[in-house]
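Number of protein chains: 2
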Amino acid sequence: MSVPDLNLSADPVELTAALVDMRSVSHDEALIADAIEAALRAQTRGFEISRFGNRVLARTTRGLPTRVVLAGHLDTVPIADNLPSWRTNSDDEGDMLHGCGTVDMKSGLAVFLHLIATLDQPAHDLTLICYDCEEIAAKFNGLGFIEREKPEWLVGDVAILGEPTGGLIEAGCQGTMRVRLSAKGIRAHSARSWMGENAIHRLGEALTRLHAYVPRTVDIDGCEYREGLSAVAVSGGVAGNVIPDAAYLDVNFRYAPDRSEEQAFAHVREVFASDLADGTLTAQITDSAPGALPGLTHPAAAALVDAADGKFRAKYGWTDVARFSALGIPAVNLGPGDPSLAHRADERVPVAQIYAVTELLRTYLSA
Amino acid sequence: MSVPDLNLSADPVELTAALVDMRSVSHDEALIADAIEAALRAQTRGFEISRFGNRVLARTTRGLPTRVVLAGHLDTVPIADNLPSWRTNSDDEGDMLHGCGTVDMKSGLAVFLHLIATLDQPAHDLTLICYDCEEIAAKFNGLGFIEREKPEWLVGDVAILGEPTGGLIEAGCQGTMRVRLSAKGIRAHSARSWMGENAIHRLGEALTRLHAYVPRTVDIDGCEYREGLSAVAVSGGVAGNVIPDAAYLDVNFRYAPDRSEEQAFAHVREVFASDLADGTLTAQITDSAPGALPGLTHPAAAALVDAADGKFRAKYGWTDVARFSALGIPAVNLGPGDPSLAHRADERVPVAQIYAVTELLRTYLSA
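In order, the protein sequences belong to chains A and B.
Reminder that position 324 of the first sequence reads as 1649 in the working numbering, one-by-one numbering, no gaps.
Reminder that position 54 of the second sequence reads as 1379 in the working numbering, one-by-one numbering, no gaps.
For the record, the hints were derived by calculation from the structure and aren't laboratory data.
Don't take each hint at face value.
Same chains, same names: a pair is fine if it fits in one copy or spans any two.
[What the hints assert, rightly or not] When the alpha-carbon atoms are kept at most 20 Å apart in a straight line, the in silico SDA-like pairs for lysine to any residue are as follows:
no. : residue 1 : residue 2
1   : Lys1636   : Thr1622
2   : Lys1475   : Asp1330
3   : Lys1509   : Tyr1538
4   : Lys1464   : Gly1565
5   : Lys1636   : Asp1546
6   : Lys1464   : Asn1566
7   : Lys1509   : Asp1575
8   : Lys1475   : Ala1681
9   : Lys1509   : Arg1348
10  : Lys1509   : Met1421
11  : Lys1636   : His1623
12  : Lys1636   : Arg1503
13  : Lys1464   : Thr1386
14  : Lys1509   : Ser1560
15  : Lys1509   : Thr1533
16  : Lys1636   : Ala1513
17  : Lys1636   : Gly1491
18  : Lys1464   : Thr1413
Kindly produce the complete structure, drawing on both the sequences and the hints.
Structure follows, in structure tokens:
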């Protein structure tokens, strides 16, 4: 298949449509990476272009006082009969671009590529990173490979991920931890229930505590974070006539980034302290990703907030922002599109948001 | 395959071994039914012999004042590499017969067949019913087919089922009812848990009530029944990052036979009254089988208790006894073997119990 041409400088909406029409479901990003690499080499000046698998780097080295990293993933979730892209214009929604990836996140990627090709006098040195396999299990994540094998690509003073935020700056992200609470019992025939110990019954106190749990809301750098502790799975049972000897409850703790993973686990243990102390339950972490502090007090980040007229909010979901945060680089999400439309068959982005984010970032990145 | 010969009158232990060695896993009872029918026709006097599928009937019609029904199933659970049968004799356990069906319930069947062939002067008219498919789903149960299509076979004043009881009379049986308690909620991303309503959390109160539940113990006709209300399954969860919109809890109520099914359900609803009243949970019966009153005050049953020197106890598990009870016929379980060894690879019966049950029943059935 020949590599399609991309026109980076013309129109970010047309560029979004061209990227969307280049199918790139996770693990199948070679074509789009080829097209972007070719366009960057042909249509930008002063950028060093590198390639590492299906990850593409473009960066300037002008010796400017700050470096801004723009990062976006190339892949999409599986196509839901929603390609090629199409445009609609209705009184309700205005001018919309529809199709898989319009929101998550080829519109953000198009904004970055358009700016790289058209900025005359950048105020910062720039690094653009396009990477693969963000939509699937963390072990495949292209940014993870870069972090481990090309850490020099990630140097910078502030990072902007082009994930959909409806055009607002979303700062930091909450941590997420899953903990399995396990109950043991003694199996018996249910006709002689007193011969056994019912493991399911032992979950009652924990569920009652979850039901009554009042999550914390905390303000960090002007971002309000609202935590949550929720059961996401419960399971137990052997047969309809058996007292079950095992049951478990999986809880998901979404926590503000002022807690470390250790502190988050300590809090979960505190919530279930009485059951854990007397051995009714045991607790084990099954999954964990730390949060990311918003870091908006850093000068390079503060300038971005200024460019957005001070409009920003906390990010609740976990994103690759946390990878930069772990490296000590303040990072935000900023991209066109309503995140709640991502991964849906009716995924669509307001054309006006693509232009708005382009202008916001042009202001910030220009001298 | 030719039909093996069975010697009904010689020795009930040898007869047990011969029946055990005739494999008869559920749905595969034709051979054993053929062998029993042939032996009954050749080796008994004064009995009418009938056949209906793989169910065999033998009965007298002497005009005696009472009729005793002896009933036993022909089938076994799948063989667990434990056939043909074998004998051991150890200091610990004494003389034992091992193999699939030795306990459940070919020893009981052998006792019935031996008595039918050897009783000289029965005190009661006798009905022997051998039936198929007791060990599998209720819809295949041979006694159920007889009840629906040959109800005249089940006429009698007392029924004895040869299920394993360790040689004791076990009277009546408890009812069993399964109720599904369902909770509904509103699905949301767990990073924004306040947008949803967690269905799993709604199970907490019900589990706490189960944990604190104090079951009733009741005496009926001198039998002590101990009830139980137990969770037997719990389930809920969509994904590790989703607030679940549905969860359910299956409870099993084992209740004494002085409660009807309606009363049993009313009691379950009473236990969870507050959750049901405010709509936190809904309750639905998923399975129900009524209990059977012991009926030991009936003269024919009282005579059996006398023959057993007054030794009897309540039956906790549900058995085909309840079918007779529903027809107004007092019924008990009485057979050799420890019921807790049934369905196990190491299934084995003390030879002495086979003789003991034979003598107990010979006393009761003889004039």
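- Item | Hints violated by the structure (listed by number, smallest first) | Numbers 2, 8, 9, 10, 12, 13, 16, 18 - these are the hints that the structure violates, sorted from lowest upward.
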